[in-house]
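As given, the protein sequences belong to chains A and B, one line each in that order.
Just so we're aligned: 475 in my numbering is position 475 of the first sequence, and the numbers increase by one with no gaps anywhere.
Add 1000 to the 1-based position in the second sequence for my numbering, that's all there is to it.
In case anyone wonders, no lab produced these hints; they're calculated from the structure.
Just so you know, not all the hints are guaranteed correct.
Unchecked claim - Computed footprint of chain A on chain B, listed as stretches where at least three residues anywhere in the stretch have a Cβ under 8 Å from a Cβ of chain A:
1. 1039-1053
2. 1084-1090
3. 1093-1103
4. 1108-1118
Said to hold, decoys possible - Beta-carbon label-pair distances, calculated as ranges:
5. E445(A) / V1037(B): 41 to 47 Å
6. G53(A) / W1017(B): 32 to 38 Å
7. T1087(B) / T35(A): 31 to 37 Å
8. T415(A) / V1011(B): 46 to 52 Å
9. R1033(B) / K307(A): 30 to 36 Å
10. S1032(B) / V294(A): 24 to 30 Å
11. W1017(B) / L5(A): 24 to 30 Å
The C-beta atom is built at its ideal place from N, Cα and C for all residues, glycine as well.
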Amino acid sequence: MLSSLSAHMPVLQVIVLLIAAPLCALFGNRHLAWTIAFIAALAAFVISTFLLGSVLDGSVISYHLGGWAPPWGIEYRIDAANAFVLFIVSLIGVLVLPYARQSIEREFEASTHTYFYTCYLLCLTGLLGVAATGDAFNVFVFLEISSLATYALVAFGAKRDKRALTAAYNYLIMGTIGATFFVIGIGFLYMVTGTLNMADLAVRLAEVGDTRVTRVAFVFILVGMGLKLAMFPLHLWLPNAYSYAPSAITAFLAATATKVALYVLLRFTFTVFQFDFPVQELTFEYVVMPLALVAMFAASIAAVFQKDVKRLLAYSSVAQVGYMLLGVALLTEAGLTAGIIHLFNHAVTKGALFLAVGCFVYQIGSSRLGDLKGIGKTMPWTTAALTAGGLSLIGVPLTVGFISKWYLIQASLETGSLWIAGLIVASSLIAVVYVWRIVEVAYLEPAPEGRKAKEAPLSMILPTYALVAASLYFGINSELTSSAASQAAKALYSATDLAVPPMQLTPSDPPSEGAVQ
Amino acid sequence: MWDEMTVEFFVNHYNYWMTVILMMIGLYVVVSRGNLVKKIVGLNLFQTSVFMLYISMAKILGGTAPILTDNPNEVYSNPLPHVLILTAIVVGVATTALGLALIIRIRESFDTIEEDEIFDIEQQMAKTSHPHAETPNKC
């Protein structure tokens, strides 16, 4: 039984969530809905941990949906790169749920909680699906499943602040334009190759070579994903969406949605297009890299002047996406590794930060700096978590932020560009300013008279501290993340290396240990 | 590059020209109109142009529907892009529905669906020091 189930693992983590999502809405009881959501998310997390464990040695799992062999059928192809992303997303997905249960109590009516869990699970389904699939059009479908759920989730914040509605609307417009650009890109690729399977696309694109169609396809995919991952000039939806969404959703989105979009961009850049195209190299060198550098400074400086902590952290997210893109745009394996490490580290750090801010919102109903005066005395644990996350954003040693910056600077020095390393350090100094603004207000300013705020409930503190602990643990012992990230970088570079035949996991073609059924 | 641009080139690719024109109209409407419903209309035009792109690239002149017949030399159109677009249409419908639902909620809380008026209201909200004051802490 178990062995036959384990053969279906790549698709199970998506299916379980997809089935659980409507169940949450059908049962109509919010406690039952939460239990279903939590069990489903936990199952997805266990599966993705298992998958990560089995591909870390560099092997590839190929799952054929419905038994149709690729490139005709849809293939789910798990290698170190997407197993790593699946692990991060499902980890955050399961951690945020207990937190969400408590925090949404004060954010909107109990009668809509079941729909909240439905949307949450659909969003998680989409994100995991995007990461797991090896089919280009399937990426679009799952991307839209997660995006549509995200728009609805952002709009849930309308009870607290009606600007959540316009934020969700603007996100919908920009997200749909991004997704449609992505589809146009895939359409062009299909025109010249006649296939949608990513591994097959890579082989055939190498035969087609550098034509105008492939160039246009690449640029459409880059811009489309740039919108989804908030690449600097395309980030306008992000600050509002993050500021007005429910606290739990802000943390969930900040830690997962942009990361998955970045993964898609990496997958297409390194696996599908494989760098044989000079236009790609030039785009990264002369467009993506400068934009990443501008993002690091412009978004950080914008963060300094924000009056709301959620908004401040949202701008900081745009800057952090800049660091990831910078690593990728170095176009070396070390740079790609640095980008992927930062993808994980930033997910953990920003998740912890937004969860901590959510505790403030829960207790005092606001995340504005002016309302957080002296909060360090009344809510010491939450403020300590916020400070620890802030230190990681700056890149202080013993936090994951330091590991990211270390790898980034090393990768940039390796390519001989000392000035990039200098800019990374300089932009980190701006992070010191905006983190200090929060710390100063929270610890050094006197608390207003008559505030009765207590520490947030344990069910919110614990997930926050789980992520804080992760950000400290992986900051001290970076063995696991760095080996997983370098393995992922290798997988992205060599995913279509057909000399290594993928491990077959279809029911019709079971692996040797799964043969006993 | 330019010597390819003959009249024949334009005529032979007229479906793509239509796609491009429709796409640009759609994008322009999304960007230029202040009315939220009109933006959704523009978005629909934009998406429809992509449907056209997919459908026309799969069409083979003189080809029929891809149904197995006794004639092995039957010329048929490529069904795959058509199926993809069925999926994309569903996604488009869902997006439109969600967008319109959001517009209804926006109309209820802002009393307008004009972008610049909403922007003014939001600016006003940002200026007043406590936007959350009306929802006090219930503990």
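The hints, checked one at a time:
With 6 residues having a Cβ less than 8 Å from any Cβ of chain A, the segment 1039-1053 of chain B passes the three-residue criterion, so the hint holds. Requiring three or more residues with a Cβ within less than 8 Å of a Cβ of chain A, the coverage given for the segment 1084-1090 of chain B holds, as 3 such residues are present. Given a C-beta distance limit of less than 8 Å, the hint that chain A covers the segment 1093-1103 of chain B holds, as 6 residues qualify and 3 suffice. Taking a C-beta to C-beta cut-off of 8 Å, the segment 1108-1118 of chain B contributes 3 residues in contact with chain A, enough for the three needed, and the coverage statement holds.
Between E445(A) and V1037(B) the beta carbon distance is about 46 Å. The supplied range of 41 to 47 Å therefore holds. Judged by the Cβ atoms, the range 32 to 38 Å given for G53(A) and W1017(B) is violated: they are separated by roughly 53 Å. In this structure, T1087(B) and T35(A) meet the distance hint of 31 to 37 Å, their C-beta atoms being roughly 32 Å apart. A C-beta distance of roughly 49 Å is found between T415(A) and V1011(B), which places it inside the suggested range of 46 to 52 Å.
A beta carbon spacing of about 31 Å between R1033(B) and K307(A) agrees with the range 30 to 36 Å that was offered as a hint. Distance hint check for S1032(B) and V294(A): the Cβ-Cβ separation is about 27 Å, which falls inside the suggested range of 24 to 30 Å. Restraint check, W1017(B) to L5(A): a C-beta distance of roughly 52 Å breaks the suggested window 24 to 30 Å.
Taken one by one, the earlier hints fail for this structure at numbers 6, 11, listed in ascending order.
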